[in-house]
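> Protein sequence lines correspond, in order, to chains A and B.
In this text, residue positions in the first sequence follow this note's numbering: the first is 1052, and each later residue adds one.
In this text, residue positions in the second sequence follow this note's numbering: the first is 521, and each later residue adds one.
Don't read these hints as lab results, they were simulated from the structure.
Just so it is clear, the structure is predicted and the values come from calculations on it, not from any experiment.
Among the hints, erroneous ones may be present.
[To be verified] Cβ pair distances, simulated, as ranges:
no. : chain 1 : residue 1 : chain 2 : residue 2 : range
1   : A       : E1223     : B       : L717      : 35 to 41 Å
2   : B       : L717      : A       : P1250     : 35 to 41 Å
3   : A       : E1149     : B       : S816      : 48 to 54 Å
4   : A       : L1079     : B       : G532      : 43 to 49 Å
5   : B       : A782      : A       : M1157     : 57 to 63 Å
6   : A       : T1155     : B       : R529      : 24 to 30 Å
7   : B       : R625      : A       : L1144     : 31 to 37 Å
Ideal Cβ positions, reconstructed from N, Cα and C, are used throughout, including at glycine.
Read off the chains here:
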Amino acid sequence: MARRGATAMTPSGGWPFSPHRADGTPWLLGILAAILISYLVSPFLFPVVALTPTVAAAAARHALAPLAIGTSALTATIAAAIVVLVGTPCARLLARREFGGKHTLMAFAYLTLALPPFFVGVLLLGILGPHTPIWDWLVTRGVRVTVWWIVVLAQACVSAPYLVITSRVGFEAFDPSLEAVSLALGKPPLVTFFRVSLPLARPWILAAIPLVWLRALSESGAVFAAATPRSVLVVLSGVRSLSNVLPTVGIFVVVLLALFALTQVFAPRSVRPVRPDA
Amino acid sequence: MLDVALTTRRDGFVLDAGFASQHQRVVIVGPSGAGKTLALRCIAGLAPLERGRVVLGDTVLYDSRRRIDVRPWRRRIALVPSWYGLLPHLSVASNVAYGLARVWRGHERTRVETLLAVVGLDGVGGLRPADLSPADRQRVALAQALAGDPNLLLLDDPFAAADVLARDQLRVDLLTLLDAFETPMIYVTRDFDEAYLLGETVVVLAAGRVAQLGIPAEILARPRTATVARLVGSTNVVTGTVIGRSDTAVEVEVGLLRVKAAAKQYPVGARATFAVRCGDVRVVDPGPGRPSVTVSRVLRRSGGTTVMLAAGEATIEAAVSGPAPAPGTVVGIEIPDGAAHIVVPDEGARPA
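If we strip away everything but chain B, and leave its shape as in the complex, we get (with noise of 0.2 Å):
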């Protein structure tokens, strides 16, 4: 229902990215930089694209080729940016209003108040958007978005501004208000866990291009690249020499490591990247067949205390239960067959 072709330059940066998706809710995630809010202007109309399709259920509203470009006020694709959404000369119902589609023209009062009702705000309506929190403002720039009864909803990190201890409520919310109204949207966020949340399909967007595209379980138990692999949390993305190989998987050797990882078509020689979560490696004593590594730091993370190990040329963290070694220990280390899998590495220049 939504097919998007995306090409465009601006001040030096290349964005050609493409997604098509049957899904409802869909989540572009990447790194500052990657270019996510100007492929949400491009959707909109609000910037120029050189060329491409916006595609939206049978409705064509952009096709560089057939010369169709439809004006960002005629396409009824609403947009939340992440900070100042809200029109600070008028009042919050006045915003919500601002927002209305023709057909309430008459009803416009009740309407306003149906709509600041179901996201949660009754009786602000004479407030200014300035008194109110910055998760209150968002959600007034949901309610005004949704006045408009947009054939698309586009969130641009909406929820970036809002306090932290609000921002988990605010997505919940935010589901049941796109249930409620069916409106599809595209969400932009840097964060992968919202992404994960938020999105039935997810679109990781990198350096300009999309570096992988798919049902958020999927990213997560496969990131592509090594772009991918960081964003979702794969902790160890590390490059070494294939020193042997079979059908479904290779040999990476890297300083006193070798690691099997999935892989197909990697010559023995080639340098190759893997990634491996922290909580898949395993500290084991040190003995016969482990490699000795000898524990660098020890981080303290609320998840769960993680150590760093050098490895020779290497340093791999690895998730540890109970107490720590202390930071000079030398221990064995264990990354079980399946756990590790080969990613396409980073062009050049490494994430920001």
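Looking at chain A on its own, in the form it has when it is part of the complex (with noise of 0.2 Å):
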């Protein structure tokens, strides 16, 4: 009797007022989930439920609106170009190197998460703007620092985290005897790097791109801080009147998921790990 109630008492998703569902997942965490999800998609959802046909046509008849878009794309992909060329090979260092102040730097790429966008505008400005020492050093060689410049390095400044987070985690994903084998088969570091420790780091890469392209393109605190260019796409969805904002974040928001899907369309099927014993 006592082992026939046992069986009774063990099936799977038999009771009626289960706090699980079928397949494990507990209802509660169901329902956080869900309330993020709306929290998240529906800033996205208002202001393109707003975009009537013929609001739509107005704002984008706007004379800026074509150059806006051509701008914040171009700049956010030469900041994120930067981005990668830079913040790579800090993630390798950071992952794979033991060396005094490493956790101090690691601590920095956090703090500028955390940093208001609108200081590193301002810094920024500080450091780069005209009459700097730097703008000046700039100016006396011939070298012509245009507004664009600043606006680059403002976006970048902000989205180099979103790499060297995420692919630092790539560098240490891998097994470090990889690299002392690629060594000790007469594969100097340089070698090394590029055909053994990048390929395998190369889909957090992947993953970090398009976070760091798309955290470029909608900086707006650093930019308007930096450079307040009317046509830089954020900027104008800013300084238009109160009337007129909702349709153009509606554009910026189309503009964004259209840009968002590109992405993806682009971005690696998998960004799994690579398990090298897989």
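Using the supplied hints, reconstruct the complex from the two chains, each of which is provided in its own coordinate frame.
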């Protein structure tokens, strides 16, 4: 009898008031996730719903809109390229080397995330803006520092942590003995980096690039503070009168979603870690 | 032809080991945490040394006094680790090609095919390492390592990940390969049987130091320290008090036992540790002149049944032929002269 009783108590999902779904997910977690998802989606839905065809056409006709989209995409692309170029070696350094101040350096990557972007812009302006020593030094050497470079640098600055933090995980994820084997096979460190470390960390780096690019594209605080060029898309969304804001934001969101879809098309099918023993 | 002295420190662990060998096949054997892998990495130049030297043939690769430190990628020392040796993003053929020496430029394809055939893996060049069994992956890793025509091959417990059934064949194939390529190797293992099979010179490493160095048979017959004795399979390592001595032996008393063990320079009254293989301990009928001991446990091993014998404060394991006496039985014990010998006791910690 006792055995039959025990069997009846343990069917999977048979209990009518189980706090779990049949696949084992607790309902509570599902509800919490749903709250977050609706919170994430609503800022996109709201302006897009408000974007009636007439309003959209009017907003899009604004002389600056096409230029703004192009400029934003271009500066964000340059910023992302700079971030990948300098951020990847930095991530490799943080992942594989032990050196004094490593944790401080890592903390700075997170601090940049925490810093109000507006401060980043002001800071950049203070370092690179007109009539600062660096600006003057560049000007005396015949280099024309345009406001676009400050926009690019502001975008790079706020988006760099996404690459460093993500690809650092990639460089930590594979067995360091692979690099050792490569060195022992006569491949110098730079060759080993390009032929072993980089390909193995590639899924993480590729996963970080859309993040970096989108973060650079949507950066407003730093761009506002540093440059305020009227044609940058985010600035455009901000400076127009309040009655016009919603459709402009709507256009921005549509463009953003389109670009995001594009990154999904070109993103790797899977960013699963490459398991050497899989 | 190989002469190394390695002194380095890492996270509180001190490696201070040196050995020289004229043989082609050197095996470093020792318990986990003995510093075997670190020693290999130091020889390859992948881990920094505080001082010492690494000399291979006529080539000085490292010498702290002469400030010579050849970079790892210029040493021509290939390394095969126990796991993950292959690049997972490359095909098997590309992995082998990755190791190819420059002289093969223009003939990569033929050379890779030859190397794969030599390790017994024709036709798998297009597969990924993940598609192969662990044993076959290590065969590819060997082909990759040999592709660079290295002056020395370092193998860090390379067959640990392989299936038990495949391991013995891998060892035999490795011997064949080494004969064919005439490449010297240093092989790291935790298994003395493997060291015995593969090594011409065996270096026993324990707690970062060389516990014993010699030819395998010599180490098996006369382990120098308690750790080495346990490693080679002298199951009884017992400490007692010296109660008598002659020129070549001492008599050690422990519990009810008095054992004559080969040794020099042990004063009467001192503590001494001796080792005796369980096969050398005889279980006999109790009688006068033989200590009576109690069977505490019967162990059925594949190599033959043994019994644990409680002899006062000492417990001795002995092999038995025929039916084993039941636990609780009182039996006699005999350890022939010459079967036991004195070993250096472990310093502080027991081996892991």
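> Now tell me if each hint is right for this structure.
Going through the hints against the structure:
In this structure the hint that E1223 (chain A) and L717 (chain B) lie 35 to 41 Å apart at CB holds, the actual value being about 37 Å. Between L717 (chain B) and P1250 (chain A) the CB atoms are about 37 Å apart, so this pair conforms to the stated range of 35 to 41 Å. Taking 48 to 54 Å as the suggested C-beta distance range, the pair E1149 (chain A) and S816 (chain B) conforms, at roughly 51 Å. Judged by the Cβ atoms, the range 43 to 49 Å given for L1079 (chain A) and G532 (chain B) holds: they are separated by roughly 46 Å.
A C-beta distance of roughly 60 Å is found between A782 (chain B) and M1157 (chain A), which places it inside the suggested range of 57 to 63 Å. The supplied range of 24 to 30 Å is met by T1155 (chain A) and R529 (chain B), whose beta-carbon atoms lie about 25 Å from each other. Distance hint check: the CB atoms of R625 (chain B) and L1144 (chain A) are about 33 Å apart, consistent with the given range 31 to 37 Å.
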